[in-house]
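K.L.:
Residue numbers (my numbering), protein chains in the order written: chain E, 1 to 337; chain B, 1001 to 1287.
Bear in mind the hints are in silico, worked out from the structure with no lab data behind them. Among the hints, erroneous ones may be present.
In the EDC-like style, the derived pairs of lysine to aspartate or glutamate whose C-alpha atoms are separated by at most 16 Å in a straight line are [to be verified]:
no.: 1; chain 1: B; residue 1: K1198; chain 2: E; residue 2: E73
no.: 2; chain 1: E; residue 1: K12; chain 2: E; residue 2: D28
no.: 3; chain 1: B; residue 1: K1101; chain 2: B; residue 2: D1047
no.: 4; chain 1: E; residue 1: K74; chain 2: B; residue 2: D1184
no.: 5; chain 1: E; residue 1: K104; chain 2: E; residue 2: D94
no.: 6; chain 1: E; residue 1: K177; chain 2: E; residue 2: E195
Residues on chain B that point at chain E, a partial pick, calculated with CB under 8 Å [unchecked claim]:
no.: 7; residue: A1182
no.: 8; residue: D1184
no.: 9; residue: D1186
no.: 10; residue: L1187
no.: 11; residue: D1189
no.: 12; residue: A1190
no.: 13; residue: A1191
no.: 14; residue: R1192
no.: 15; residue: S1193
no.: 16; residue: M1194
no.: 17; residue: G1195
no.: 18; residue: S1197
no.: 19; residue: T1200
no.: 20; residue: I1205
no.: 21; residue: P1208
no.: 22; residue: L1209
Backbone N, C-alpha and C define an ideal beta-carbon position, used for all residues, glycine too.
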Amino acid sequence: MSRVDVANVTKKFGQATALDDVSITFEDGGFFALLGPSGSGKTTLLRTIAGFYFPEAGTIRIGEQNVETVPVEKRDIGMMFQNYALFPNMSVADNVGFGLRVRKVPAAEEKRRIAEALELVQLGAMANRKPSQLSGGQRQRVALARAIVTNPRVLLLDEPLSALDKTLRVDMQIELKRIQREIGITTIFVTHDQEEALTLSDRIGILKDGRIVQAGPPREVYDRPVDAFAAGFLGEANWLPEAALAGLSLPVTAAGRRFATRPEMLSISAEAPADGRNAVKGRLQQRVFAGAMATCLVEVAGQQWKLVARDRDIPELPGGGDVWLAWDPADTLAVPA
Amino acid sequence: MADLVTPAERRRLYTLLSPAYLWLMVAVFLPLSAMLFFSFLTDMPQDAPDWGVTLGNYAEFLSNPTYGTLMAKSLKLAVTVTLFCILIGYPCALVLAKSIKGRAREALFLMVILPFWSNSLVRIFSWAIVLRGNGVLERAINWVLPFDVRLNLMFTTDAVVIGLVHSYLPYVILTSYLALQAVDDDLIDAARSMGASKLTILRRILLPLSLPGLLAGAVLVFVPVVGSFMEPRILGGRMGTYYGTVIEDQFVAVYNWPLGAALSFILLAVVIVILAAASPVLKRAQT
């Protein structure tokens, strides 16, 4: 287990710059999610850390070792792929034991460690099956066991859960988190699913156009986004129209900044609130009931705002009528314009 | 076809399949049946009115040891050519499928398929020009090297092997290429992430996964080479007497069709026996 330091890494593919002067630290034993839209460079960063790509500039350290010129075979990492990449010609046990066999681990120890790894992912009974005889979730677990059986210094996950259906995905998220805690391995996880990133990781890095926009604990990134992209990509943002700013109490001066609120911070009423909270007037377009929660879509000065609240907390409102959306001034997000 | 229940579906199926079966019938089954019939005759009916039925043509193979010797020689030739095709073709396919991308791959592919586009006789005579004493190859070597080299490859077994390998190499390359192409690149990346060297990846992942394609290519080479006659005749000269050339002689020179047909069916039987014996291995490779 080691920490990973990426410093000033630039990676180009021909003319296109995939990573642009990226610096980021992955703490020892941490679970770090790299989040970004497609083409943001998150997979490139992961594969550069893995050693499939060599950066044009910058350094990568795993533990105390500089590895930017070390090929992937010698980096001692564990990796899980989007489509699992299990070897179809080998049994589950042989798949898991592949890395051990390559490292010439003695047969008895190899057997013990395969059994341990399969036990960890709760697939002890499946050792002799072929990958084609397993379900998607089971393949997932085999891939995980295979990635960690060699005790790598760092575990790299490339959108490993995106091929699973939703219920199975939630199960696997919990499982993945449990296993990661149990073995305490430094884990870097690439995803485009913000909920997954928030659920699993203790730190999040948001990427855009080959640059790290913001990195930090999920709550910090969510509550204090550094720019409009981060605010809109992790969670949803209702942007305050310029004209509405006058008369609102804002956390900082308005010059050169844009302001937003989160959908769950808002409350809705037919009358203007009298308690000194910030409020804007809008027109209720739609109210969507979704069981425990409900969503209201409100038009505010030509923009669409979204409110999410417990259904019972939303009063009866006339459709198409004027409503007031109110929030605590402290819950206002401010980002540079 | 077991899940086709309604008679209408079955009828449609047979209607759609009938052209294919008709074609097989006319193009394969009928001529082969005729040959099988000829192989049991004493003489061709149109030549001798007193023709009869006999097993003598098959007995001829057993009584004259030359045929057995030539059969062994042809099998040995086929094994040699197949091995060379695998040794040269599989690495080519590997490079084409996994190392080269884009336009370079298309260009190389064209060069692989080129032998298919040229007439086989033209191809073989081109080799004759290259291989003969004082030919293109020998002159080129002597032009480069300071001392005199006499290759004398023409009319040797080596020349036959070279010509046959060149003719049949594309089969191995194409079948291996298709099998290798189907291997997901992520598998290679996964193996690398676990520390596997290139050799380990080849031995434990690429080779096992592409073995069905490689073996299919080997069969496609082996079967026609056992009965080949053109390359041995033109490039082998005096050394070029093989089982295939003897069969050809029966048909075009000696005009003993019944014996030629019998020898052909013995060859067919031997090939079938070899493939049947190898089929457990072939089957295992598919799983």
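K.L.:
Under 8 Å is the threshold here; is the Cβ of B/A1190 close enough to any Cβ of chain E for the hint to stand?
P.N.:
4 Å, holds
K.L.:
Just to be careful: measuring from the Cβ of B/S1197 to every Cβ in chain E, is the smallest value less than 8 Å?
P.N.:
6 Å, holds
K.L.:
Just to be careful: measuring from the Cβ of B/L1209 to every Cβ in chain E, is the smallest value less than 8 Å?
P.N.:
Because about 6 Å separates B/L1209 from the closest Cβ in chain E, which is inside the 8 Å limit, the hint holds.
K.L.:
Does B/M1194 meet its interface restraint, that is, does its C-beta lie within less than 8 Å of any C-beta in chain E?
P.N.:
Holds, because the Cβ-Cβ distance from B/M1194 to chain E comes to roughly 4 Å (cut-off 8 Å).
K.L.:
Mind checking the CB of B/A1182 against every CB in chain E and telling me if the closest is under 8 Å?
P.N.:
Hint on B/A1182: violated, closest Cβ of chain E at ~11 Å, above 8 Å.
K.L.:
Given the hint that E/K177 pairs with E/E195, test it: the Cα-Cα distance must not exceed 16 Å.
P.N.:
14 Å, holds
K.L.:
Using 8 Å as the Cβ threshold, decide whether B/R1192 counts as touching chain E.
P.N.:
Nearest chain E Cβ about 5 Å off; hint holds.
K.L.:
Restraint: B/G1195 near chain E, CB-CB cut 8 Å. Satisfied or not?
P.N.:
5 Å, holds
K.L.:
Given the hint that B/K1198 pairs with E/E73, test it: the Cα-Cα distance must not exceed 16 Å.
P.N.:
9 Å, holds
K.L.:
Given the proposed pairing of E/K74 with B/D1184, does the C-alpha separation stay at or below 16 Å?
P.N.:
Violated - the C-alpha atoms of B/D1184 and E/K74 are around 22 Å apart, more than 16 Å.
K.L.:
Need the status of pair E/K104, E/D94: alpha-carbon distance at most 16 Å?
P.N.:
14 Å, holds
K.L.:
Is the hint on B/D1184 kept, meaning its closest Cβ partner in chain E is under 8 Å away?
P.N.:
Result: holds, 7 Å to nearest chain E Cβ.
Violated hints, in rising order: 2, 3, 4 and 7; the structure is consistent with all others.
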